[in-house]
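2 protein chains.
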Amino acid sequence: MRVCIIGSTGHVGYVLQDIGKTDADIVGISSGSEGEDVLGLYEEVKRLSPETRVFGDYRHMLDELRPEVAVVACHFADHAKATIEALGRGIHVFTEKPMATTLADLDRVWKAYREANVHLAAMFGIRYQPCFLTAWDKVRHGAIGTIRLMTAQKSYKLGRRAGFFRERRSYGGTIPWVGIHAIDWLHWFSGERFVSVFASHSSLHNRGHGELEVTANCHFNLTNEVIASASMDYLRPDNAHSHDDDRLRLVGTRGIMEVRNGSAYLLNADNDGSKSLPLLPTRGIFADFVAQIRGEGRCLVSAEDSFYATEAALLARQSADEGQLITFGREFRRSDDLASG
Amino acid sequence: MRVCIIGSTGHVGYVLQDIGKTDADIVGISSGSEGEDVLGLYEEVKRLSPETRVFGDYRHMLDELRPEVAVVACHFADHAKATIEALGRGIHVFTEKPMATTLADLDRVWKAYREANVHLAAMFGIRYQPCFLTAWDKVRHGAIGTIRLMTAQKSYKLGRRAGFFRERRSYGGTIPWVGIHAIDWLHWFSGERFVSVFASHSSLHNRGHGELEVTANCHFNLTNEVIASASMDYLRPDNAHSHDDDRLRLVGTRGIMEVRNGSAYLLNADNDGSKSLPLLPTRGIFADFVAQIRGEGRCLVSAEDSFYATEAALLARQSADEGQLITFGREFRRSDDLASG
Chain A
16 MRVCIIGSTG
26 HVGYVLQDIG
36 KTDADIVGIS
46 SGSEGEDVLG
56 LYEEVKRLSP
66 ETRVFGDYRH
76 MLDELRPEVA
86 VVACHFADHA
96 KATIEALGRG
106 IHVFTEKPMA
116 TTLADLDRVW
126 KAYREANVHL
136 AAMFGIRYQP
146 CFLTAWDKVR
156 HGAIGTIRLM
166 TAQKSYKLGR
176 RAGFFRERRS
186 YGGTIPWVGI
196 HAIDWLHWFS
206 GERFVSVFAS
216 HSSLHNRGHG
226 ELEVTANCHF
236 NLTNEVIASA
246 SMDYLRPDNA
256 HSHDDDRLRL
266 VGTRGIMEVR
276 NGSAYLLNAD
286 NDGSKSLPLL
296 PTRGIFADFV
306 AQIRGEGRCL
316 VSAEDSFYAT
326 EAALLARQSA
336 DEGQLITFGR
346 EFRRSDDLAS
356 G
Chain B
16 MRVCIIGSTG
26 HVGYVLQDIG
36 KTDADIVGIS
46 SGSEGEDVLG
56 LYEEVKRLSP
66 ETRVFGDYRH
76 MLDELRPEVA
86 VVACHFADHA
96 KATIEALGRG
106 IHVFTEKPMA
116 TTLADLDRVW
126 KAYREANVHL
136 AAMFGIRYQP
146 CFLTAWDKVR
156 HGAIGTIRLM
166 TAQKSYKLGR
176 RAGFFRERRS
186 YGGTIPWVGI
196 HAIDWLHWFS
206 GERFVSVFAS
216 HSSLHNRGHG
226 ELEVTANCHF
236 NLTNEVIASA
246 SMDYLRPDNA
256 HSHDDDRLRL
266 VGTRGIMEVR
276 NGSAYLLNAD
286 NDGSKSLPLL
296 PTRGIFADFV
306 AQIRGEGRCL
316 VSAEDSFYAT
326 EAALLARQSA
336 DEGQLITFGR
346 EFRRSDDLAS
356 G
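In the order they appear, the protein sequences are chains A and B.
So for the first sequence, my numbering puts the first residue at 16; every next one is plus one.
So for the second sequence, my numbering puts the first residue at 16; every next one is plus one.
One or more of the hints may lead you astray.
One copy or any two copies: either way a pair holds, since identical chains are not told apart in the list.
[As the list claims (entries may be wrong)] Distance condition first, Cα-Cα at most 35 Å in a straight line; then the derived DSBU-like pairs of lysine-lysine:
#1 153 <-> 61
#2 61 <-> 290
#3 172 <-> 290
#4 290 <-> 153
#5 96 <-> 61
#6 96 <-> 153
#7 172 <-> 36
#8 172 <-> 153
#9 172 <-> 61
#10 290 <-> 126
#11 290 <-> 96
These are computed hints drawn from the structure, not numbers from a lab.
All chains, please: the whole structure from these sequences, using the hints.
See the structure below:
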């Protein structure tokens, strides 16, 4: 299976980590955005796939190499364009999130996806971390009953971000870039649909990062009166032990599940919540993606989930921009499309 | 100093714990609500103040005993009425929260307070827990810089609640009863004013508790683009080690402070957040209240804070009831009143 990489900005590491476990080969690399440098990535990839070639234009690369899979991970506002180019050529797409940074772009990707008969997944790789996988497995098997309330947290170190993070036009915003993971968890764990969102974000105190928002919170109402909240910040101190501090707390009718510090904690009639659960072994998101294309498995991240979380993140950003409650609706049409498509 | 207790429902324990440290005496007890039983409390109080008398009507008690202090802790919807009766007699009031369960009642209490020249404080006793006191002291001294994002949690066991919890009319709602503490922390720690709130709550899966909401979340915008979220639930499993699981996370420009599990954790340039801070010694809220009346100290909970958190909780409940964003405004007038009053 031939893989081309468009861009060197996002979590291409998911591909590099897994490529050796698959029969796939990285045959080409191209930048996906104006000014994006792919030489560092090229050096890395050459060690895994010595025949890899570098291209100046990803459309030429796709036309010439005709890969089965395109990995899209350029500047965030360019994900949609590159994905559409790949889908239009009947190529499976593994794309960095957010898949699009505007609703109009997301609709274009959706249209291209519906017309192509391929697999598509966004890089919601945090689902594959053992702590999240373990929590999800337990919750799915009824460990906390029915989920009623969810609280999610994304906290990152800011450091010095590349220039394109400083403009909404190229970056897309912190809710779609950072918060989208948390938004994805809310839907993935509960199985509920989003009904409305009220969100806020602020760029104050962003240490010279232009328009980049460093704090945000999204309040979601979901079906069946499930309530959820997700906070995100870039204010994690530099000396913290890890880059990020991801957390999730799920309150159910029969117990409470928490993911924190790379561990999962269960509080229910059988567990007092003080000890972390034994973790399931990790799996690779890209290996799973390839397996699904081969008809040999199923990636935890479906195309529908990828579109759904992106749309929810973009509507949350809109709520924060406008200071207004946003009611979902678009996505139900999309869901119908998918069912009938 | 003579103290009368109206009601036996709320945290009268604050008074019983501290009374021996003060020169105050509990001279009378009366129920504050239809059907409220005070005999159990009477037995307890007799051990501390053998001369205590029981009354059938608290107005008669206040008229006959003329206490300096009234403690109000009856069914929540009756707090306002009892407080107004005490204030009208020039008696200092230490009242269970929420001080009122409707905005109209809160305005009546405010009017009575402005006309009386006494001290009033709501039982925001959680401020006095060593973990919160320690965190507050550090934050006040700049340990995390300027607060930008706050997340608070209140989680309780439900058990079997008394009948009056099952009706909004007598209970007032979970946001004003449980959530008000978290709402109080947001203002107390940040010093910011509330700008707007969007909140949700649900009574589903409340195990036969009528209208009582068992899950809720409140999203607040505060001045200076500070963002905050507070969740509350009654779904803490029966076998959990403690009745409650109070948490607070404060993200600042120079660090992150967390209160969790009775401890305070500081992550900043000097602390890696892994060790809990040495805790300040506890203080008693009622002892402080009495000291303030004597002119010998200052209670951490001011009258203005008590009104402010109550109003914020009632507006949050209104938002949840209506599914609408609520903008603050009333309280600014109140604040002006206070400044000029």
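Consistency of the hints with the structure:
When the C-alpha separation of residue 153 and residue 61 is checked against a cutoff of 35 Å, the pair qualifies neither within a copy, at 40 Å, nor between copies, at 51 Å. When the C-alpha separation of residue 61 and residue 290 is checked against a cutoff of 35 Å, the pair qualifies neither within a copy, at 44 Å, nor between copies, at 44 Å. Taking identical chains as interchangeable, the C-alpha atoms of residue 172 and residue 290 lie at most 35 Å apart whether they share a chain (28 Å) or sit on different chains (20 Å). In this homomeric assembly, residue 290 and residue 153 come within 35 Å of each other (Cα to Cα) both inside a single copy, at 15 Å, and across copies, at 30 Å.
Taking the closest pair of Cα atoms, residue 96 and residue 61 come within 35 Å of each other only inside a single copy of the chain (26 Å); across copies the shortest separation is 78 Å, beyond that limit. Taking the shortest alpha-carbon separations for residue 96 and residue 153, neither the intra-copy value of 38 Å nor the inter-copy value of 49 Å comes in at or below 35 Å. For the homomeric pair residue 172 and residue 36, the shortest alpha-carbon distance inside one copy (31 Å) is at most 35 Å, but the shortest distance between copies (47 Å) is not. For a Cα distance limit of 35 Å, the shortest separation of residue 172 from residue 153 qualifies both inside one copy, at 30 Å, and across copies, at 22 Å.
Proximity of residue 172 and residue 61 under a CA criterion of 35 Å is satisfied intra-copy only: 30 Å inside one chain copy versus 57 Å between copies. In this assembly of identical chains, residue 290 and residue 126 lie within 35 Å of each other by CA distance neither inside one copy nor across copies; the values are 47 Å within and 52 Å between. Taking CA atoms no more than 35 Å apart as the test, residue 290 paired with residue 96 passes in neither setting, with 46 Å inside one copy and 47 Å between copies.
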